[in-house]
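Novice: So the chains spell out like this:
Protein chains: 4
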Amino acid sequence: MIAPTKCQTSESITTSTAALIAVGKEFYQRNWVLGTSGNFSVLLNRDPFELLVTESGVHKGRLAPQNFLTVDSTAGVISGAGKPSAETLIHLSILAHRDAGCILHTHSVWSTFLTDLHSESDGLEIEGYEMLKGLSNVSTHEHSEWIPIVANSQNYYDLSLQTNEILNANPGIHAILLRRHGMYTWGKDILEAMRHVEVLEFLFEVMGRKQSCAGNSR
Amino acid sequence: MIAPTKCQTSESITTSTAALIAVGKEFYQRNWVLGTSGNFSVLLNRDPFELLVTESGVHKGRLAPQNFLTVDSTAGVISGAGKPSAETLIHLSILAHRDAGCILHTHSVWSTFLTDLHSESDGLEIEGYEMLKGLSNVSTHEHSEWIPIVANSQNYYDLSLQTNEILNANPGIHAILLRRHGMYTWGKDILEAMRHVEVLEFLFEVMGRKQSCAGNSR
Amino acid sequence: MIAPTKCQTSESITTSTAALIAVGKEFYQRNWVLGTSGNFSVLLNRDPFELLVTESGVHKGRLAPQNFLTVDSTAGVISGAGKPSAETLIHLSILAHRDAGCILHTHSVWSTFLTDLHSESDGLEIEGYEMLKGLSNVSTHEHSEWIPIVANSQNYYDLSLQTNEILNANPGIHAILLRRHGMYTWGKDILEAMRHVEVLEFLFEVMGRKQSCAGNSR
Amino acid sequence: MIAPTKCQTSESITTSTAALIAVGKEFYQRNWVLGTSGNFSVLLNRDPFELLVTESGVHKGRLAPQNFLTVDSTAGVISGAGKPSAETLIHLSILAHRDAGCILHTHSVWSTFLTDLHSESDGLEIEGYEMLKGLSNVSTHEHSEWIPIVANSQNYYDLSLQTNEILNANPGIHAILLRRHGMYTWGKDILEAMRHVEVLEFLFEVMGRKQSCAGNSR
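Protein chains in written order, with the working numbering: chain C, 281 to 498; chain U, 281 to 498; chain Z, 281 to 498; chain F, 281 to 498.
Please note: incorrect hints may appear among the correct ones.
Note that the list lumps identical chains together, so a pair holds whenever it fits in one copy or between two copies.
As the list claims (entries may be wrong) - List of simulated lysine to aspartate or glutamate pairs, DMTMM-like, C-alpha gap at most 25 angstroms:
(1) Lys413 to Glu335
(2) Lys413 to Asp379
(3) Lys468 to Glu445
(4) Lys490 to Glu407
(5) Lys468 to Glu407
(6) Lys363 to Glu422
(7) Lys305 to Glu410
I should point out that these hints are in silico values taken from the structure, not numbers from a laboratory.
Can you build the whole structure from these sequences, using the hints too?
Specialist: Next comes the structure, spelled out in structure tokens:
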């Protein structure tokens, strides 16, 4: 059902690595990958499956080419040293259900704050903002975007199963939030995934400021 | 009634393009054009009318010379590839009513937040701040600036008609806000338009913080 | 009574100009001199009196050597083109009462917000913060700093007279706030004045956030 | 009981100095060492004890090699001009109780705000955030981190005695807060200490925003 992602497969490891290093620097400046938080991947080839992914435990603002590995569809290492990101299973789950070429996981103050505030809710509804048009296939601010919130866990296999369910049940979503943890979003290529990060982090800040406001807190 | 804008017409496309690329980078750093939000234009010539405008759907922090087109007074493309910004009609409406040489549309968290908070109001009154003196023809902090808020729409023709009405009815205004969308401001040249953006975004943040404050929320 | 400022008088115009250009860039990045707000001066010589001061109406993030003038103790232009900052009289008033070598005027969101919030008060008391030790001659966090707030005005002669009175009445102060306008601070040289700006803007943000906080608003 | 820190002792003064200069620049951009706040140290050798530490009263965003000294375990100067940071005794206290190679003291708005807000409490509990996993030896977000808050003082000998007590009583902690002053954290090397700063400052911002929020203030 899902066609091979053509635009990405021809991108070499070198090009994608350089692009993700730049993404890391930009996101670090924006406070979206502090500490060793965050992880990124680019689908190099769908068949045979080969995914470029950041190494576990490294700083995303100071990535070097040796901080990248390639893995197969079962997270088995094809090339590179070190351990792939502990959350690679979530990346694989997204790629199994979406025709995506790049997955970016950020960990911002506002997404942490919002999912903490909505601690009883299983998602966040964002509606009526022009910025939503920056999401793929959204053409009006009247769009209502549902962003599921999943309870955080250190059992990544479990999280990947939940991701499967959520992606099956919500065909139109562009992102998933882990509570008090951060966001996963994706795009057909690195630029689209970055755009989704910018759009959603902007909206999280707007929502966060709105809900912090005394006269409007809900 | 409106005289040709002399200082701008002699600026070449190359110079204006380079200046708008720099504006985009600066505004991106300041979170005013995240995703693909925002659009910019410079009036190259009033008669015959020629407007330099950013391409639709591109990232304003990474503009390249090929992301600019020139259009005539009916938004018809004179030169350049791609589609001009979907909001070009609003730029044309402003230029038809103001002796401006540059129009900048930003999309900040604070303008989105404020127009969302004032969801029943048709404008924002800002009064008593020294920063207001950064607006052209304002010489005292005692100035009261009215910033009309227009309901957002995907019908840009409609928005341009509303812009016409607002500009006719409010001769002294320096900007227009679109609700949950962002701001349009203009100036006789790029530097003045940039100054207006900085002045107004500063004031939106002050107003936003003031109205978020428990003891002052309205 | 006030001795000539030795360390500054030997600094050439060129060196001081370059240093103030760098200050402007840094402060612009920090949102302290948006639009054309802010102005800076360095005392080149006390006798005969010669003050280097920024030109009126220019952007402080993009200062060039031609945006500086030198004036005498009556604000008369000694060298340079353009008009000296409209607020030069306040600089002169400070120099007449303090043994300062550099005066920096910033215009931040937090100082604007705070002086707006305390709209009935003639000053701000800041006490108990370690950061206060960054102010000259303050050696303990138990220090209580009084920062007078003056009503804003476009009559700079009047403001300079008020500045005289305040400086006479408050020998220990390090800064003066203009309501909904910004801060004046000074130091024996550029580095000390910059340090005072950083210290006070930090404290304004802490105070602003504290007073925005529902449980603590006053 | 505490083994010599091997990875650090081989780092030369030159390398560590260059690394701390870079830390200072990064932290200054992030507003964590404004004014002359903050101080940094690197353990060069445990036996004989030699600690590289920043000079007292210098700006951490503009450190130069001459702003560093080395001291022995009694804070006696081994090499370098000027005075070592006034808070060197606290660094020595931490090194006497922890197998650390680097100590970083930051002074942020959010840590100042939070310790001010919790003015009656002797510590801050942070629990349930994924970001906690960026702290050494923490492997789950379910971790609860206790961060002791010590009353600020200008008597550094006294503060170092309190630090001794706290470190003895709380074997698992990663940082200590001084009220209305800032944070001390440490790591086996500069990178780990920086990571701890990023992780904790992120969490302070989340906690600060949460507790500023009307619906959640405590």
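Novice: Given identical chains, is Lys468 near Glu407, meaning Cα to Cα at most 25 angstroms, within a copy, between copies, both, or neither?
Specialist: The answer is within: 23 angstroms in one copy meets 25 angstroms, while 36 angstroms across copies does not.
Novice: Is it within a copy, between copies, both, or neither that the alpha carbon of Lys490 lies no farther than 25 angstroms from that of Glu407?
Specialist: The answer is both: 13 angstroms in one copy and 23 angstroms across copies each meet 25 angstroms.
Novice: Which holds for Lys468 with Glu445 at a C-alpha limit of 25 angstroms: within a copy, between copies, both or neither?
Specialist: within (21 angstroms within a copy, 41 angstroms between copies)
Novice: Using 25 angstroms as the alpha carbon limit, work out where Lys413 and Glu335 are close: within a copy, between copies, both or neither.
Specialist: between (33 angstroms within a copy, 16 angstroms between copies)
Novice: At most 25 angstroms between CA atoms: does that hold for Lys305 and Glu410 within a copy, between copies, both, or neither?
Specialist: between (27 angstroms within a copy, 21 angstroms between copies)
Novice: For the identical chains here, do Lys363 and Glu422 meet the 25 angstroms Cα criterion within one copy, between copies, both, or neither?
Specialist: Between. Shortest inter-copy distance 23 angstroms satisfies the 25 angstroms Cα cut-off; intra-copy 43 angstroms does not.
Novice: Go through the copies and call it for Lys413 and Asp379: within, between, both or neither, with a Cα cutoff of 25 angstroms.
Specialist: For Lys413 and Asp379, only the intra-copy Cα distance (20 angstroms) is at most 25 angstroms; the inter-copy one is 31 angstroms.
Violated hints: none; the structure is consistent with every hint.
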